[in-house]
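Novice: All chains should be modelled from the sequences, with the hints used to inform the complete structure.
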Amino acid sequence: MAEGAGTRREGICLPQAALNRLMPLHVVISAQGRVRAAGPTLQRLFAGQRLVGRSILTLFEMRAPARIVDMAGFAARVGHKLNLLPRGTAPALRLRGLAVPLGGAGGGYLVDLSFGIDCPRAVGLLQLSEADFAPTDMTMEVLYLAEANAAVLAEMRGLSGRLDGARLQAEEEALTDPLTGLRNRRASDSLLARLCREGIGFALLHLDLDYFKQVNDRLGHAAGDHVLGVVAGILRRQCRSMDSLARVGGDEFVLILPGLVDELRVARIATRIIEELRRPIAVQDESCRIAGSIGYVVVPEGAGSDPATVLKASDAALYAAKKAGRSQVQQGQARPGRQAEVVP
Amino acid sequence: MFGLLLRAFQSYVCTTFGPRPWGQVLTQVGFMGEGFEPLLPYDRPLFDRVLATAAEILERPVETVLEDLGTHIVTNPAYPAPRRLLRFGGATYGDFLLSLEELPDRARLALPEAALPPVMLEETGPSQYVLSCPLALPALGHVLTGILRAMADDYGALVVIEPEPLPDPGVALSIRLHEPEFAAGRSFRLAPRDAAHG
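In order, the protein sequence lines correspond to chains A and B.
The working numbering applies: residue 199 is where the first sequence begins, and numbers increase by one.
The working numbering applies: residue 1086 is where the second sequence begins, and numbers increase by one.
Estimated spans, in silico, between C-beta atoms of each pair: (1) A:S485 <-> B:G1103: 49 to 57 Å; (2) B:P1248 <-> A:Q247: 50 to 58 Å; (3) B:E1266 <-> A:A352: 32 to 40 Å; (4) A:S253 <-> B:P1203: 49 to 57 Å; (5) A:L217 <-> B:P1203: 32 to 40 Å; (6) B:C1099 <-> A:L217: 48 to 56 Å.
What the hints contain is simulated information worked out from the structure, not anything from laboratory work.
Small disclaimer: the values here were computed from a predicted structure and weren't measured.
Quick reminder that beta carbons are idealized off the backbone N, C-alpha and C, glycines included.
Specialist: Structure, rendered in structure tokens:
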């Protein structure tokens, strides 16, 4: 600051409008602390008040960090960070600032201010817009980040809430049968309910194994488990990946084939499954034979069936297939409001 | 990325066409869950399947569905965050366009795993721009068109947006800004509505 006599002072001269754009939150004061000019955003902080001519000591309570009570104290803190609390404004906002001395004959100071970490609150309280900040100011980024983080956090909260609900539900009703990797009854029921509700056409095949109990009794449960795995493999080969294959009881299976309403095709699939099941299965150096019976129902699109009727019809068809002898396929009919019936 | 897209898509289909067609989409795609989670990772084949199935069920071209999705992302009153975050791009539609180059970085700042492809804006003449994302999926071009058109309405600007032929895969749009202040546009306050007294 102390420059030798005769040294030419380097400096720039800015019109007030340029200063307002560069530092909308500035104040120019005289050496005595009287306001000579105030930036437009600072003017918004003291809305309705005339600032020019007032002392900066009456506008702000200043600390740096000790309280500044006079202009001598202020001059001593020039070039250092200041903490400022505006006096007489309703909401208590905290600002920080930096004062630099002005060149020229009159002296005085240029004080640039910022809302610092308080900027989101200031923007809300003073209804500030982008135009109240210089484009180089990071305030917009801070606001953006605060809002983006709030949005992400809200999603996180939503996600953990939904996950927690889903976890509880999953613990109660796991959707797969651990032995075969097929779905279980709950998964099958839930899909059936959805298809009925949405009026999507589908075929439902109810398969019951024959002679399975004998395998269990003769060769033990491990062999029985192996046979169930082989059956699951057969079902997977005969159905599409989008079909729902479920083991719903010890040796009972429900297959739901969404979108498949061609009765001939469904009958062919059922027959192929029955044929495959008749092939001998190798278990522990032995070969065992099982068979299966299938009752099936084809529900056309928009049929308005309810799950109970469909299941009852497939049950009745399965019963008829069993009665007709092993390795039989039987079609049933599920019409809303009617008793389930078996097609002769 | 696909989580955000799928979730937005779910919201679009459910709000515009109702939960029934959306249920049909999930069933046909073979998705067992109740819906998609914006912050969970899903893969692109799943997104492609959902999109193709929905276009079929809604009996609309895929391009139309995607552009409507873009519009929905900006205009859905139940989820104002995307529109607000985009409006932080600038006070005018021109400034907003300029800010799009920063968009991938802004997204990453909020969500480090958000990998938006790089965006480049070139001014090719007075009020005439070409926006290009060489690494973006072509599907995103239609979503982007919907977003840019909806944002133009939001700013009250009159723009013409057309796909720009590209020698390589990726997305490029030509944007002609006819009238930056054609209509009143929607008001935008920096402070979110509920923070005024916070």
